[in-house]
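Asker: Sequence:
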Amino acid sequence: MDSMDLEREKGITIQSAATFCQWKDAFVNIIDTPGHVDFTIEVERALRVLDGGILVLCGVSGVQSQSLTVDRQMKRYNVPRLAFINKLDRQGSNPWKVIEDLRHQLKLNASAVQIPIGLEDKHEGVVDLIEQKTYVFEGEKGENVVEGEIPSELQELVDEKRAELIECLADVDDEIGELFLMEEEPTKEDLKAAIRRQTVACSFVPVFMGSAFKNKGVQKLLDGVLDYLPEPIEKQNFALDRSKDEEPVEVTCKKDDPLLALAFKLEETPFGQLTYMRVYQGMLKKGNQIVNVNDGKKIKLARIVRMHSDEMEDIEEAHAGDVVAMFGIDCRSMDTFSDGNLNLAMSSMFVPDAVMSLAIKPAQTKMQNNFAKALNKFTKEDPTLRVRVDAETKETIISGMGELHLEVYIERMKREYNVEVVSGKPNVNYKETITSKATFDWLHKKQSGGSGQYAKVQGYIEPLSAEEAKELGKPNEFKNKCMGTNIPPEYYPSCQKGANDAMAEGALVGCEVEGVRVVLEDGASHAVDSSDMAFRICMANAIRDTMKKAQPNVLEPIMLVEIEIPAEFQGAVTASLSRRMGMIQNSDMNEDGSGLKVEVEVPLANMFGYSTELRSLTQGKGEFSMEYHRHSPVTRNVQDELMEKYRAEKLEDAAA
Numbered sequence: 072m073d074s075m076d077l078e079r080e081k082g083i084t085i086q087s088a089a090t091f092c093q094w095k096d097a098f099v100n101i102i103d104t105p106g107h108v109d110f111t112i113e114v115e116r117a118l119r120v121l122d123g124g125i126l127v128l129c130g131v132s133g134v135q136s137q138s139l140t141v142d143r144q145m146k147r148y149n150v151p152r153l154a155f156i157n158k159l160d161r162q163g164s165n166p167w168k169v170i171e172d173l174r175h176q177l178k179l180n181a182s183a184v185q186i187p188i189g190l191e192d193k194h195e196g197v198v199d200l201i202e203q204k205t206y207v208f209e210g211e212k213g214e215n216v217v218e219g220e221i222p223s224e225l226q227e228l229v230d231e232k233r234a235e236l237i238e239c240l241a242d243v244d245d246e247i248g249e250l251f252l253m254e255e256e257p258t259k260e261d262l263k264a265a266i267r268r269q270t271v272a273c274s275f276v277p278v279f280m281g282s283a284f285k286n287k288g289v290q291k292l293l294d295g296v297l298d299y300l301p302e303p304i305e306k307q308n309f310a311l312d313r314s315k316d317e318e319p320v321e322v323t324c325k326k327d328d329p330l331l332a333l334a335f336k337l338e339e340t341p342f343g344q345l346t347y348m349r350v351y352q353g354m355l356k357k358g359n360q361i362v363n364v365n366d367g368k369k370i371k372l373a374r375i376v377r378m379h380s381d382e383m384e385d386i387e388e389a390h391a392g393d394v395v396a397m398f399g400i401d402c403r404s405m406d407t408f409s410d411g412n413l414n415l416a417m418s419s420m421f422v423p424d425a426v427m428s429l430a431i432k433p434a435q436t437k438m439q440n441n442f443a444k445a446l447n448k449f450t451k452e453d454p455t456l457r458v459r460v461d462a463e464t465k466e467t468i469i470s471g472m473g474e475l476h477l478e479v480y481i482e483r484m485k486r487e488y489n490v491e492v493v494s495g496k497p498n499v500n501y502k503e504t505i506t507s508k509a510t511f512d513w514l515h516k517k518q519s520g521g522s523g524q525y526a527k528v529q530g531y532i533e534p535l536s537a538e539e540a541k542e543l544g545k546p547n548e549f550k551n552k553c554m555g556t557n558i559p560p561e562y563y564p565s566c567q568k569g570a571n572d573a574m575a576e577g578a579l580v581g582c583e584v585e586g587v588r589v590v591l592e593d594g595a596s597h598a599v600d601s602s603d604m605a606f607r608i609c610m611a612n613a614i615r616d617t618m619k620k621a622q623p624n625v626l627e628p629i630m631l632v633e634i635e636i637p638a639e640f641q642g643a644v645t646a647s648l649s650r651r652m653g654m655i656q657n658s659d660m661n662e663d664g665s666g667l668k669v670e671v672e673v674p675l676a677n678m679f680g681y682s683t684e685l686r687s688l689t690q691g692k693g694e695f696s697m698e699y700h701r702h703s704p705v706t707r708n709v710q711d712e713l714m715e716k717y718r719a720e721k722l723e724d725a726a727a
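Taking the numbering used here, the leading residue of the sequence shown gets 72, the next gets one more, and so forth.
One should not assume that every hint holds.
Below, a list of computed lysine-lysine pairs in the DSS-like style, where the Cα atoms sit at most 30 Å apart [stated by the list, open to error]:
| hint | residue 1 | residue 2 |
| --- | --- | --- |
| 1 | Lys432 | Lys716 |
| 2 | Lys619 | Lys568 |
| 3 | Lys465 | Lys432 |
| 4 | Lys485 | Lys516 |
| 5 | Lys369 | Lys315 |
| 6 | Lys326 | Lys263 |
| 7 | Lys552 | Lys508 |
| 8 | Lys508 | Lys716 |
| 9 | Lys541 | Lys517 |
| 10 | Lys496 | Lys432 |
| 11 | Lys369 | Lys448 |
| 12 | Lys212 | Lys285 |
| 13 | Lys356 | Lys368 |
| 14 | Lys517 | Lys448 |
| 15 | Lys619 | Lys451 |
| 16 | Lys620 | Lys516 |
| 17 | Lys502 | Lys619 |
| 18 | Lys357 | Lys95 |
| 19 | Lys496 | Lys444 |
| 20 | Lys517 | Lys619 |
| 21 | Lys368 | Lys517 |
| 22 | Lys545 | Lys306 |
| 23 | Lys437 | Lys357 |
| 24 | Lys193 | Lys168 |
| 25 | Lys502 | Lys552 |
| 26 | Lys356 | Lys369 |
| 27 | Lys502 | Lys448 |
| 28 | Lys357 | Lys368 |
| 29 | Lys437 | Lys502 |
| 30 | Lys502 | Lys620 |
| 31 | Lys508 | Lys444 |
| 32 | Lys448 | Lys371 |
| 33 | Lys668 | Lys232 |
| 34 | Lys285 | Lys325 |
| 35 | Lys516 | Lys619 |
Derived by calculation from the structure, the hints in this document are not laboratory data.
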């Protein structure tokens, strides 16, 4: 469903695309998402609003690094799923190895509900383990589905895999478990009901098979969507009651109840901004007025469309469960809309940290207005694209998920806004942290006639573990343990703001600080000279000074890199990874020994230019993908180099 020229040129999906179809007696909303990790926010936003998903896996490569990311995203939003093993017509396809990967790498209770009839160039169709019938896909596009009986040569494998399916279900479903213990054979109705129950409960993943390119197995996969994934009314969704301290409230999914809808994606078109919206409750109707819960703006619905990739179908209304798009809606991604009768907001989605930054500017001054418009529009569309202006150099810095992510937006500026962009070298998004506890006792006192500034703060900072930060939902923590009124309570928020100011720029290399708990224990104030500003400045200076004593470290992004190469190039590629400080985590040779898959952790700073080097080392036969894994301390010599570079830049800026 790729519709952008950039997508067709690069051969990858950049933006998610929505379509709507009817299969048998059901209507299905489908969102196709990118596979490249740089555009993972498109997967994130789709899974936030969908009731079920299909995890598509390559029958040759199996579970890849991006599969691990998508699995985490599906689990984050409790999205029931089917798995579809694709490309069984390709040489080297092995669905049973892929299922083992699902079980061991993704820790899923997965089992086949089909077996293939032939593999590679002999792939013709599938055997349904529940119906116990064959389905062969004939015709130029596999459009003719021919039902038949199981051939004798496949019966043994059918019996084996059906028993395996029943055993997997018996582990999680009481009814099948009871039949299993009594050694009774479940009926096909028993199996279908159990698969649906446990798929909806996210306790089981039914695995389908085929070749999407040749339209083999797709029809049975769509049957599986209807049979096993939940209808909107079956999926529990919650909104947050803004009048009751964001208390969770279950959404009904009834069309007669007050409207509740979520804008999950924005897209620029020749007709203006197109806003994609999931209707959770109530109904959208052309001509009606809706209210943006986040800013209170009232909007009249001028046009509602169903999307079919880049084609539009005008409709008069949309009901609970629908995914539609609208023009004339000025909002940000993840804004909630109601009919004005509810003070509820849908929860937002997880937005990963940026890992790479780039300084950019328009090639000509006359392009400045369009340059600013483009950045404003892109940041509204994509929460993973950050834009800031460096306080000292006044350069515009864009940050994102990787080189390709930033390249795409620079290219879009050129195509959509006629802005030629001059860019600097990519910069890695380093962070800083502390490794030990340190105390502070800081006095801020300033007198220059009239009211002065006076504030004193005492306390300590200590490391905050990644697990604690994850539980808190933020990278740092501020705790107030003050007793009494030495610091008047009205100044506590200013103390917290001061701590946040200090975390914005570390002392070592000027990067954002994470993994720090700040504890305020005591202090002092002055009846005349104390103020919010005095305590904010005092706290910021106290933390900046104390971090120097808490054994600070610089952290760098570590990428999980997955490389697929012919076995003959193993030595050269391994040596190259060692030079780039790569740590090999896993190495897996395929069955015939001709190819190798390597998983390795490599600092992002060492991955620039790797695409060109890998092509050279493997005569163009090697491929790799990478995703952000974690931030980890740099080596001492790298930290010294970064600190020296930072000091030199500060001196240069001061001299300018």
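Asker: If a hint holds in the structure, say so; if it doesn't, say that too.
Answerer: Now for the hints, and whether the structure bears them out:
1. Lys432 with Lys716: 23 Å, holds
2. Lys619 with Lys568: 20 Å, holds
3. Lys465 with Lys432: Judged against 30 Å, a Cα distance of about 11 Å means the pair holds.
4. Lys485 with Lys516: 52 Å, violated
5. Lys369 with Lys315: Answer holds: Lys369 to Lys315 is near 23 Å, not above 30 Å.
6. Lys326 with Lys263: Holds, because 29 Å separates the two Cα atoms, which is no more than 30 Å.
7. Lys552 with Lys508: 16 Å, holds
8. Lys508 with Lys716: Roughly 27 Å between the alpha carbons, so the hint for Lys508 and Lys716 holds.
9. Lys541 with Lys517: Between Lys541 and Lys517 the Cα gap is close to 39 Å, so the pair fails against 30 Å, i.e. violated.
10. Lys496 with Lys432: 13 Å, holds
11. Lys369 with Lys448: 21 Å, holds
12. Lys212 with Lys285: 6 Å, holds
13. Lys356 with Lys368: Judged against 30 Å, a Cα distance of about 18 Å means the pair holds.
14. Lys517 with Lys448: Distance ~44 Å between Lys517 and Lys448 Cα, so the pair is violated.
15. Lys619 with Lys451: 37 Å, violated
16. Lys620 with Lys516: 22 Å, holds
17. Lys502 with Lys619: Given that 30 Å is the threshold and the Cα spacing comes to 15 Å, the pair holds.
18. Lys357 with Lys95: 28 Å, holds
19. Lys496 with Lys444: 23 Å, holds
20. Lys517 with Lys619: Status holds; Cα separation ~24 Å.
21. Lys368 with Lys517: Violated. Lys368 to Lys517 sits at ~45 Å, over the 30 Å cutoff.
22. Lys545 with Lys306: 28 Å, holds
23. Lys437 with Lys357: 40 Å, violated
24. Lys193 with Lys168: Measuring from Cα to Cα gives roughly 19 Å; hence the hint holds.
25. Lys502 with Lys552: 28 Å, holds
26. Lys356 with Lys369: 14 Å, holds
27. Lys502 with Lys448: 28 Å, holds
28. Lys357 with Lys368: Distance ~17 Å between Lys357 and Lys368 Cα, so the pair holds.
29. Lys437 with Lys502: Distance ~36 Å between Lys437 and Lys502 Cα, so the pair is violated.
30. Lys502 with Lys620: Cα-Cα ~17 Å, so holds.
31. Lys508 with Lys444: 45 Å, violated
32. Lys448 with Lys371: At roughly 22 Å apart (the allowed maximum being 30 Å), Lys371 and Lys448 satisfy the hint.
33. Lys668 with Lys232: It holds: about 27 Å lies between the C-alpha atoms, which stays within 30 Å.
34. Lys285 with Lys325: 39 Å, violated
35. Lys516 with Lys619: This hinted pair holds, its Cα atoms lying about 22 Å apart.
Violated hints for the displayed structure, listed by number in ascending order: 4, 9, 14, 15, 21, 23, 29, 31 and 34.
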